[in-house]
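Peer 1: Residue numbers (the numbering used here), protein chains in the order written: chain Z, 550 to 954; chain L, 15 to 234.
The set of hints was computed from the structure by calculation and includes no laboratory data. Quick caveat, the model's predicted, so the values are computed rather than measured. Note that the Cβ used here is the ideal one computed from N, Cα and C, for glycine as well. Where hints are given, some of them may not hold.
If we take Cβ atoms under 10 Å as the criterion, some of the chain L residues that face chain Z in the derived model are [as the list claims (entries may be wrong)]:
id, residue
1, ALA27
2, GLY35
3, SER40
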Amino acid sequence: MIELYRGIAPEGDLVIIERLCSRLRDRSFLHINSTRAGGGVAEILHRMIPFLQSLGIKARWEVIKGDDRFFDITKKMHNALQGNDVRFTDEMFQYHYEVNQRNARELDLEADMVFIHDPQPSPLVEFRKKGSGKWLWRCHIDLSVPSKPVCDYLMRYYKKYDASIFSISKFARGLKRFEFIVPPSIDPISEKNRDLTEEEIERILQNYNIPLDRPMILQVSRFDRFKDPVGVIKAYRIVKNYNDCILVLAGSPATDDPEGEEVLKEVQAYAEGDPDIYILMLPPNSNLEINALQRAATVILQKSIKEGFGLTVSEAMWKGKPVIGGAAGGIPLQIIHGITGFLVYSIEGAAFRIRQFLNNPEMTRRMGERGREHVRNNFLITRQIRDYLSIWYYLEFGEGRILEL
Amino acid sequence: MAEINNCFEFKRAYTVLISTGRSAASIREMLDVLKEVSAGSVFHHTYQYFMKAHHLSYTNDFAQWAGESLEERALSERLSSIDPFEFSSIEELRKKIVQTIEEFLEEFPTPRRVFPGDEFYFNETLSFVYPVGIRVTNLNEFFHALKTVDGQCIYYHFYEARTRLEHSMDDFSMWIEHGLGEKALAEEIRNIDLFMHTTEGIRNRLIGIIQERLLEGGLS
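Extracted from the complex, chain L is given alone in its bound form (with noise of 0.2 Å):
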């Protein structure tokens, strides 16, 4: 494998939480508030889900405040295996979520409300992206460099990556694909099911099929 010029700068986001002040206390409140609240808070909700360190049962917030403090599971269960990743837009899941609801409602007419103190509260975020100060040439220092980032790097350049770019792709493959040339390598990495990984399994998993790679090429 050839190196190129192309380097690839890690990055890192972190975000402030604002409150929307909207709330709601039953199943019928969050619909009636999900309709409505700003695309922000319905991206903080679901994507930014895999930013949390401690990845719970659940996909997202609305399916832990549905197991948790509804105490409807088989809600939960359905709102969990919406993958936002799978949508081209934050209405289409929406749309999704909206429908997962009402779907439930039909079958399950009067929901129970939490337990004041329990409600759901609808958050937006402001972020920042900042360089981290790591720059990388070639697949061996992206290995190493890979084994040091923070969470927060992996979370922007694995997840949030597919929600900024129009590909759908995250940073990591399409770098390695069209900077360093390794077309296998970046499908490799794509058929991750990031869905079913924190950001420190994804970071393991990458390691593992980077390594393989470096190995099998004698490039490390």
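So here's chain Z without its partners, still in its complex pose (with noise of 0.2 Å):
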């Protein structure tokens, strides 16, 4: 399989990956999250799992199961983590725990390296054996300015970790000897993500009833209002009064988000009458359809106003696409301002930079190919599969800060 990203990713992670991957041979890895669709968890869990077998590595995935109050606890964490004021009761984190003491009865939680991602199965960390292999947390979201009583809580779990990895240095709790940073990543082999024809971009976009004969502004993200598609909106209004566009607003649902379909109605409530502005709630999975529109589209946005990481940016400039994102979360990371697109802070700025790139295509296109170089050295899966892999053998084998490999 690492044969796939020959000539695609750099030569040295491949050749990394493989040297870690025969000191770890045969030794097990287990991921757990809390879905199988929807978020960049999921996607890159896909791809990494088998990857990771092909080198020899015993690697396994399982999800937790949950009913939707689990879920819809587990959503309201999310957001109070983030900042939001949520109240949390004692009876909320106790089925919180509860479910996930249903899990561990179920799972297999045997592994000689086992990461837990985000919130949801944290807990899970309390049924660990003892003498078993090392524990990792691997957090995803914005834990910069957390809800106190969710943090404490979920700090109780935390300390049992032997250590975590969140994807940026502002999430870190400086709790712990090794918080790992280590930012997520796409796979530019992906049905999301590989080269598509011309011929199987319009098939797509027609299949959508999206014109081509108009520059498009697209917006590629859950129906979240941390992801602001109503300021989206209003950003682009400004730009409609100079150049005409459409706008296209698409997501999917996840099975561990139940306010999607409320942000989805307010979003369409607010977009009404506009025949050039197009929502889309895509089925999950719909990967060949977001890559199509990524490649149709003349300028990309991700105007989040809380992040995770936001690797839907990473995405869009693999394929070229310079983007304009709010300065949350990861998003700071990907876009250098003014290298490979625009950071920015308020509706007003959004709209003037999609005035610039609508207006100066040669900017356009030369901030698009340092875009994909940058992600080509920095967020393909297979630096994210070195550093996992890198940190497993230092949590194993490593003495000191340098390690000869």
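Hey, can you piece these two chains together into the complex? The hints should help.
Peer 2: Structure (structure tokens):
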């Protein structure tokens, strides 16, 4: 499988992955999260698990089960951790724990290295067997200004992990000896990111009746208030006074996000009456469709107010598109202001930068090219696999801070 | 130039970040943390700045933060002028950075705080070093390898080597002098101002200098 990435990913990363896998061969690597569809974590695991298996690692992926009440609690937890004022009761915390307890009875939690992704399955560490492998909490969300009661509740589990990984430095808690920083990544050969022919792009856009005769502004994200879809429409309306263009807002539902439907309705109501706004609620795993939309777009936005990392930025940049993004979460790591895109802090700022791109095709092309190389060197799945294996290797065998491999 | 048995093996370094859990929202806070944070963290935010593909208008993370987040341009310029490779130890470098900030605070004693979210986060790194599978035995092979190895290789041999070796010199010129006996060429390489280049800039400079030597000596 690694062969598929030759000529795409940096060769150095592939060499080191092979070397680390040969040293960790036949050892087990378990990942647990809360959904198989929707969101960047599931997307990466879909590829990472078979990739590692093909290199001799016994990699597994388990998903915890929960009912609507559980996912409603975890969604609220997610919002509270990202700074929203959400009220929690002891019963809610207790139910979160109990669902994890039930999952722990059903799941095989034994592995040499266990990665628990995000808060939903974090209590599983309570059911770790004595003498089992290393347990690591992989947090993908923005914890920079968390709600204290929810954070305190999760910290009781957090302390039981051997180490943790955060996507960017500002999310780290400063409570453990090993809090690693590993940005997430995109898969360049997946349906969502592979090259498409012009015919494929046209066919897919025709399916959604999206015209190709005018510049397209696009935002791909869940229908979530933190992604500011209404703000995107407001920016588009400013641009529309100067440039004829269309706006596409595309997202997919996620099983662990019960608020999506409500936000979608708000956005539809706000956009009502404008035939040039296309709001697409795509089925889960509409990867080819998202790929085609990103390739057809003239300008891509990720106008998040809060963001875990915002991988849609890297997806867009990989397709040679410059991105205008909110300076939230991991977006500033991907958008180097003025080089690979623009960071914006307001609706007016977003509108101004959209107009700049629409009126300067050469600048748009140049920034797009730089963005693609930035992603190649920093945000491809091979770099993330390299980092995970490096951390695992270090926790098992490392001494000192410099390791010769 | 005689072919020699000594070979040069290209290695590459990459890092994984580790949070120290320390951050600063003002220059005073930065000063306090800088005085006690690990040497590894000072190393990361200064020497390892040169690993970054996009060399911005600064030469270390402290200067970049002072310029971009604090918007203290004068301080940023002063911090950017500190060449880490002039110091014999991390502690000497730390002293210089601390002294620069203290002098700034004497002139401007009430600096502003950054906006929430723009704090400086102190990190350290785990460094992984490995051979990339390219060995060369003469200047011509070295010249061709230099064109293809990635930027991390150049960083490791040209920048980080100076912190690794007692003589504060880069691996390339050491090998060219002692392995190939090309003292003059080695001196020319040492005269490159590494502080003024990105890794790609260094690559181009090296290629230019070595190509000239190969042509002049009929060695290509």
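Peer 1: Please go over all the hints and tell whether each is borne out by the structure.
Peer 2: Hint-by-hint comparison with the structure:
1. Annotation: interface hint on ALA27 of chain L holds; nearest CB of chain Z at approximately 9 Å, less than 10 Å.
2. Hint status for GLY35 of chain L relative to chain Z: holds, with the closest Cβ pair at about 2 Å, below 10 Å.
3. At about 16 Å, the closest approach between the beta carbon of SER40 of chain L and any beta carbon in chain Z exceeds 10 Å, and the interface hint on this residue is violated.
Hint 3 from the earlier list is the only one contradicted by this structure; the remaining hints agree with it.
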